[in-house]
Amino acid sequence: MNTEILGILVMFGLSIILAIPLGKYIAKVYAGERTLLDPIFNPLEKLFYRLSGINPKTAMNWKQHIVALLIINAVWFVLGMIVLMMQGSLPLNPDKNPNMSVDLAFNTVVSFVVNCNLQHYSGESGLSYLGQYWLMFLQFVSAGTGMAAAVVIFKAFREKTTISLGNFYEHLVKSCTRILLPISFIVAVVLVFEGTPMTFEGKDTMTTLQGDTVSVSRGPAAAFVAIKHVGTNGGGFFGVNSAHPFENPSYLTNMVEMIAQMVIPMAMVFAFGYFIKRGKLSWMIFGVMTLGFLLLVIPTIRTEMYGNPAITAMGVEPGLGAMEGKEVRFGAATSGFWSIATTVISTGSVNAMHDSMMPLSGMNELLAMMTNSFYGGVGVGILNFFLFLVLAVFISGLMVGRTPEFLGKKIEAKEMKIAIIITLLHPFLILAITALAVALPDYTVESINNPGFHGFSEMLYEYTSSAANNGSGFEGLKDNTPWWNISTGIVLILSRFLPIIGPVAIAGLLAEKKFIPEGGGTLQTDTSTFGVVVFTVIVVVAALAFFPALALGPLAEYFSKI
Amino acid sequence: MSNSITMFKKDLFYKSLKQAFVKLNPKSMFRNPVMFTVWIGTFIMLIVSIATLFGVKEQGSFAYNVAVFLTLFLTLLFANFAEAIAEARGKAQADSLRKTRQETPAKLQNGSVVSSAELQKGDVFICESGDIIPSDGEIIEGLATIDESAITGESAPVIREAGGDKSSVTGGTKVLSDKIVVQVTTQPGESFLDKMITLVEGASRQKTPNEIALTILLAGFTLVFIIVCITLKPFADYANVSITIASFISLFVCLIPTTIGGLLSAIGIAGMDRALRANVITKSGKAVETAGDIDVLLLDKTGTITIGNRKATHFYPANAIDEKTLIRAAVLSSMADETPEGKSILELAGINPLSYEVKNPVFIKFTAETRSSGIDYENTRIRKGATDAIKGLVLTAGNQFPLEVENRVKEISQNGGTPLVVSENEKALGVIELQDIVKPGIQERFERLRKMGIKTVMVTGDNPLTAKFIAEKAGVDDFIAEAKPEDKMNYIKREQSEGRLVAMMGDGTNDAPALAQADVGVAMNSGTQAAKEAGNMVDLDNDPTKLIEVVEIGKQLLMTRGTLTTFSIANDVAKYFAIIPALFITAIPALQGLNVMKLHSPESAILAAVIFNAIIIPLLIPLALKGVAYKPIGASALLRRNLLIYGLGGVLVPFVGIKLIDMVLSIFF
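Protein chains in written order, with the UniProt record's numbering: chain L, 1 to 562; chain Y, 1 to 669.
It is possible that some hints are incorrect.
Claimed, not checked - Incomplete in silico selection of chain Y near chain L, CB under 8 Å:
id, residue
1, V224
2, P234
3, A236
4, Y238
5, S242
6, D295
7, P340
8, I480
9, E482
10, R500
11, Q556
12, T565
13, G593
14, I633
15, R640
Said to hold, decoys possible - Listed below are the simulated DSBU-like cross-link pairs for lysine-lysine, each with C-alpha atoms no more than 30 Å apart in a straight line:
id, chain 1, residue 1, chain 2, residue 2
16, Y, K451, L, K513
17, Y, K283, L, K417
18, Y, K493, L, K513
19, Y, K598, L, K561
Simulated from the structure, these hints should not be mistaken for laboratory data.
Here a beta-carbon is modelled for each residue, glycine too, at the ideal position from N, C-alpha and C.
Use the sequences and the hints to build the structure in full.
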C-alpha cells in the first residue's frame, strides 16, 4: 500500500483506539470515581481550592454554571490584555519584542480565551516569553472551559430529574489537571526528543551553508505546541505554526500532534456514553461524526495527491501531488489529511498553507468549519453536535408519531427556540460579517492577496474560521489591521459563548423535566437510522445555507480552472 | 376513499376557494410566519412586474416577472385553500351531526311549548314516548328507553334513568317508552359540538404546543434563508454578478419550507376532523396531539374487553344433591334478581320460574354486607352469593361445607370464572359458574397496541384471580382487580409520576376525577355531565374501544407533520441545484458545471423551481387531510420507512418534477 496513505490510516486508527479508553477515563474523572492519577492530583487540586477559596462540592444549576464560566473568562481576558500590552517592559523578554497595539491585543487575547487562536501576529516578533506563557495558560483553561461546559450536558442526562449539575470550577480544574496536563506532558516530551526547543534563551545565531549569518528564534516551544494540540487550540508558537521545523520537526511529531488533537474530541464522545451509560448512543454520534469527516477528508486527500493540473500542464511531473505551500517531510496526502482534521476539530493549527491548496480542498476545509460538529473542539464539539441532535430528534420524533423526546425528556417550544437561535447564529455570523467585509472594500480590499473568487474565499475563510472558533487562516490575507482585528474579535466572542450558553441552557431545562421511561413507541436515538437523520440535518442546515457563498468562491474557482 | 370524494364535493370546493382569497388578508397571513414572508415576496413581485411594464429594463422581461408573480400568488392561494378545505370539511362534518338536533318543540313543566333553540341552561322539560329530546340534558325524574341511533348508529334502544350514571340524554334522540323529566345542562350554542365547530373554524383555534415548537423550527429555516438571500447581494456584487429581484425572491421562496408551512394548519384541523369522523368530539387540538403520546391505556373490562356482563355457564351440584334440585334453587333465588348475571342464570336453566309453586315468597335483596341474595318461602330459605358469604352461613348453622364444592369453587376461580354458591336452609347445594366472554378480535387489537408501545391495563371489580385469568386471555399487560374509583385514580397518578401519559375512558360521576387526572380522558356521551365536563373528549358512540382509534388518530397527526416537514426540507437540495447555477451562469459561465439537471435557461430553471414549489402544495393536500398511515411496526422501522419515502423521496421527486416543468417551459423561455 501507498506509504503516505498507510501513515494516515495508522494516525487515524491510533486516535480512535486511544480515544476509547481515554473516554472511559474522562467519564471516571467527572463522575468522581477513583483513577490511577488520584495520588498526584488530589493534593494538588486541594491546594488550588484552598488558595482560591472554592468549595468544589457546591452544586450549581445551569444558570450558575454559565455565570461562573463567563466571569472567570472575563478575568482571564483582562489579565491577558494587561500582559500583552505591557510585555515590552515585563520580564522574560530576551528578544526585546514590543508591546502589542490595543486592537491586536484585543484580537489575540479574545482568540486565545475563546480557544480559537486566530493569530494576526507572528510569535517570533510579536510576543515575549511571558506573553507566550500567558497564552499557553489560556490554551489550558479555554480547553478546560469547553470541557466543563460539556460536563453540564453529561450530568443533565445522567440523572432522571435534577437541577444540580455539579460544580463548574471542579469540572474546570479537573479537566486541566487530570486530562489536559498529563497528555500534554507526554506530547511535549516526544517533541523535545525530536528537536523542538524548550528554553528561555533568546534568538540564536547560526551560519548557513552559504556562509550567511541568520538569527533563529527559539523559546519554550515544546510545552506550548503540546497544549496547542491537546486542547485543540491551534495557536502556534511561531508564525507558520506546525509547518515550522521547530514546531513540527519530523513525520513522527506530525503524527503525535495529529493524534494529540484528535484524541480528546473523540474521547469526549465516548466519555458521554460511559457517563450516562449509553454506549450505543456514543457510537451513533461517533459514526455520524466519522462519516462527515471521511466525506470531507477522502476527496481532499485525493485532490491534493492528484496534483495541480495547471502545474502539470507546464510539464512538471505531478507524482508528489500538489506541493505548493506544503512541507516535503509531510507530503501532499498527510497535509491534506491534517488540513481537514484541523478544521473539522476546532484546532486550526496548520502544517501546510491552506491558501495554496486546490479549490475543492479549500471548500472542504470551509465546509468542515461551517458544519463545525464533526468531532469539533474539546468539549464544544459535543455541545455543537447536541444542537443538531435536538433538531434531528424533533423532526424524527414526529415521524414516529410521538411528540419529540430525547433520552426521556420532551423537547418543547423553549428548547426549540434556543436550538434554532444558536444553530442560526453560525451561518448568520459567517455570511453577514463576510457580506459586510465585501460591501466595505475601503477596509478590506487591500488585505486581499488574490483578486476574484479566491480573494472572496480568503475573506469567507477568515470569518468562517472565527465563527467556528477554529483559528486557521487562508494565510493570503493581511489580517493585522484594526478592521480584521476588531471584526473577527467580535465574531469570536459571540460564536464562542452563545453556542456554549445555548446547549447548556437546553440541557439544564431538559434536566429539570420529568423523565419519561422508554417504551416500544419511543424513538430510538442510538440507531443508524437516527444517525442518518442527524447527518442529513447537519448537511441541510449547516452546509446548504452556505451553498451560494461557496458557489461564488471555491466552486467558481474550481469550475473556472477545469 | 370517502375522504377524497368529500374533498372534491363541489360546494365545499367553491366555498374553500372563496376562503382562499379571503385569507389573503395580511392580518390572517401573519399567523403563519412562513407564508407571510411569501406574501411579502408576492407583493414585491407585483410592484416589480408593474415597473417592468412601464419600461424598467434591468429586471428582466415583463412576461418572466409576471410569471413569477403569478406563481407566487398561486402558492399563497394553494396554502390558503389547504387550510380552508380542512376547515370546511370539519365544519361540514360537525354540521351533519348538528342537523340531528334541529329545531324540535320542547314541552316545559308548566305545559307551555317552546322551540328547542330557546331552551336555556337550567330549564326543565318533559319527554314522553315518541318525543324527540330537544336538547342535551340530565334526567331528574323518571326512566325511559331511548333510541340513540340518530347519534350513534346503534339500533338497540338504551335505558336512561334519573340518578346514577345513566342519567344523561342527548338532543336529537328519541324516547321510545315511558316519561322523563329532563334538565337542560348546556347554554344554547355552547354544547361540545358547538365548541368543536368554533375550534375548527379557526377564530378561536389555538396552536398546540407541538405546533408552536414546529412553527419555531420552520421560522428558523425561514430566517436562515433570509440571511442567505440578503448576504447574496453583496457577494454577487463582489463577483460582478447581477441578480434580478425576481431571482432573489424565487430563491428565497423555494428554499423556505413553504410546503409544510402551507399545510401545517390544515394538518391540525384534519386531525380534529378525523376524530369527529370517528364520532369523537375533542375539546382541544392539544388533546388529539396528546393522544399520540399515550403510554398507558386504562380500559374497563366490561364492555371493552368482555361482552357485556358475565354469563352463567354451568351448574355443579354437590355430591349428594340432584342437579335438578340445584337448578330449582338457583332459578328461585334469581327470580327477582334484575342483574344481568341473575338473568343469565334463568337463561341457562331454561325454566320459567313461575312453573314452580311457591307460596308467599319474600325476596332477599343483595346487600354489600351479606353479599348474597335469595328467597324465603314457607320454611325454605334459599340463598345464592359469594363463596365466603354462603360458607359463613353454612358453618354458623353447624353444617359441613362440602369439600367437592370447595374444590369446584377454586377451579372455577382459576379459570377466570366467578363461582356463586347456592344454599338451601344453610346447606350447600352446589355452585353456579359465571364466565366472562372475551370479545372476539380484542387480542389482536391489544397486540397492535403493544407494538405501538402502549401498555394496556384492564380495570375490573373482579377478584384478582379472575382478573388475572381474563387479563391473560385477552392479552392485556396489567390489571387492577377489585377496583374502586380511587384505585383508578391512584394508578393514573403513579404512572404519571413515572412520566407516562395515561388515557382512560369513563362514564360515571365517580370516574370524573380520574378522567380529569388522565392526560386523555374520553367520556362517553351517555355518561353523566360531570364525566363529560371532566374529560377532554366525548365519544358519541359510547364505544369503549374508541380509545384505540383516538390514539392512532393522534399518532397520525404527529407523523403527518413530521413527514411533510422532512419532505419539505429535503426538497431544498434539488431546488438549490436548479436555482444557484441559474443565478450565476450568465456572469460566470464556468458554473454551468453545477447545472446537473441541464435546465434550459436561467429563466426557465427559476420558474420551474417556483412552479414545482407551488404545485406540490395542492398535490399534498389529500395526504395532509387523510394523514400519513400509521403502521405499528416499532419506532425504528417506522422512522426508516418514513425517512425512505418522505426523506429520500423528498430529495428525488423535485429533481424529476423541476426537470419536467423546465422541459415544458423551454418552449416559452
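Okay, the hints, checked on the actual structure:
1. V224: 5 Å, holds
2. P234: 4 Å, holds
3. A236: For A236(Y), the interface hint holds, since the closest Cβ of chain L sits about 7 Å away, which is under 8 Å.
4. Y238: The hint holds - Y238(Y) has a Cβ within 8 Å of chain L, the shortest such distance being about 5 Å.
5. S242: Status violated, d = 13 Å.
6. D295: 5 Å, holds
7. P340: 36 Å, violated
8. I480: Violated - the Cβ of I480(Y) stays beyond 8 Å from chain L, reaching only about 20 Å at its closest.
9. E482: Violated, about 27 Å.
10. R500: 7 Å, holds
11. Q556: 7 Å, holds
12. T565: 6 Å, holds
13. G593: 4 Å, holds
14. I633: Hint on I633(Y): violated, closest Cβ of chain L at ~10 Å, above 8 Å.
15. R640: 5 Å, holds
16. K451(Y) <-> K513(L): 27 Å, holds
17. K283(Y) <-> K417(L): 28 Å, holds
18. K493(Y) <-> K513(L): 17 Å, holds
19. K598(Y) <-> K561(L): Holds, because 20 Å separates the two Cα atoms, which is no more than 30 Å.
The structure fails hints 5, 7, 8, 9, 14 (numbered hints given earlier, in ascending order).
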